[in-house]
Amino acid sequence: MSPAERFLCEAIDLARENVRKGGRPFGAVLVKDGAVIATGVNEIHTTQDPTTHAELQAIRAASRALGSPRLDGCVIYASGHPCPMCLSAMHLTGIREVTYAYSNSDGEPYGLSTAAIYAELAKPLAEQSLKIAHVPVRCEDGDLYELWRDAASVSLDGSGAGRSA
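Under full-length UniProt numbering, the residue at position 23 of the sequence shown is numbered 23, and the numbers go up by one with no gaps.
Keep in mind that a hint or two might mislead.
What follows is a set of in silico ranges between Cβ atoms, one per label pair, in the way DEER data are often shown [as the list claims (entries may be wrong)]:
id	residue 1	residue 2	range
1	150	64	56 to 64 Å
2	67	139	28 to 36 Å
3	36	122	29 to 37 Å
4	122	9	29 to 37 Å
5	69	17	23 to 31 Å
6	73	149	24 to 32 Å
7	51	144	19 to 27 Å
8	99	60	16 to 24 Å
Quick caveat, the hints were computed from the structure, so don't treat them as lab data. Just so you know, these numbers come straight off a predicted model, no measurement behind them. C-beta atoms are modelled at their ideal positions from N, C-alpha and C, and glycine is treated no differently.
Working from the sequences, and respecting the hints, build out all of it.
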C-alpha cells in the first residue's frame, strides 16, 4: 500500500467513526514530511457550525500544533472531494497538495456533492445567486489597510507591539 493509500484509509476510518457518532462521512489527515500532524472530522452535527468541515478542522489543529497559520509543505488526505471553502483555506495556508478518495460524483446520490457550488463560483460575480456589492466606504479614522501595514511594520522591526495578519 502506498503512503497516499494509507493516509486515505486513515481519513476514511476517521469518517466511518464520525458516522458511527452521528456525523457526516468526512475525515481528513494532514501530513508533513510523511508524518501525520493533525486530523479532523466533519463536526457540524455537534457544533452547529457549518464551517467545521474535516479539512478545516485538520488545518486548525495543524496550525496550532505547528504554531503558524502557514502550512507550506503539508498535504491533506481527505475521504471526500474538498468543497470550495476547504480548498480556499488550503490555498490561503500554503498547502499545495490534496488527495481525496470519494469524488463529487460518488457523493451525488447521497446529497454529498459540492459540484453545484463549484459551478456557481465559476460564474462571473454579477451572475451568481449571492448578491455581492462593493461599497468603497472610508471612515474618518484613516485607511484600514494603512493602519494594518503600519502596525505590521512596527511589529516586524521590533520597535513596538504591532500586530501582523
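Here is what the structure says about each hint:
Checking the proposed 56 to 64 Å range against residue 150 and residue 64 shows it is violated: the Cβ atoms sit about 28 Å from each other. Judged by the Cβ atoms, the range 28 to 36 Å given for residue 67 and residue 139 holds: they are separated by roughly 34 Å. Here the CB-CB span from residue 36 to residue 122 is close to 33 Å, well matched to the stated 29 to 37 Å. Restraint check, residue 122 to residue 9: a C-beta distance of roughly 32 Å satisfies the suggested window 29 to 37 Å.
For residue 69 and residue 17, the hinted distance range of 23 to 31 Å is satisfied, since their beta carbons lie about 28 Å from each other. One distance hint, 24 to 32 Å for the beta-carbon pair residue 73 and residue 149, holds here, with the actual separation near 28 Å. For residue 51 paired with residue 144, a C-beta distance near 24 Å keeps the hint of 19 to 27 Å intact. Taken as a hint, the range 16 to 24 Å holds for the pair residue 99 and residue 60, whose Cβ atoms sit roughly 20 Å apart.
Taken one by one, the earlier hints fail for this structure only at number 1.
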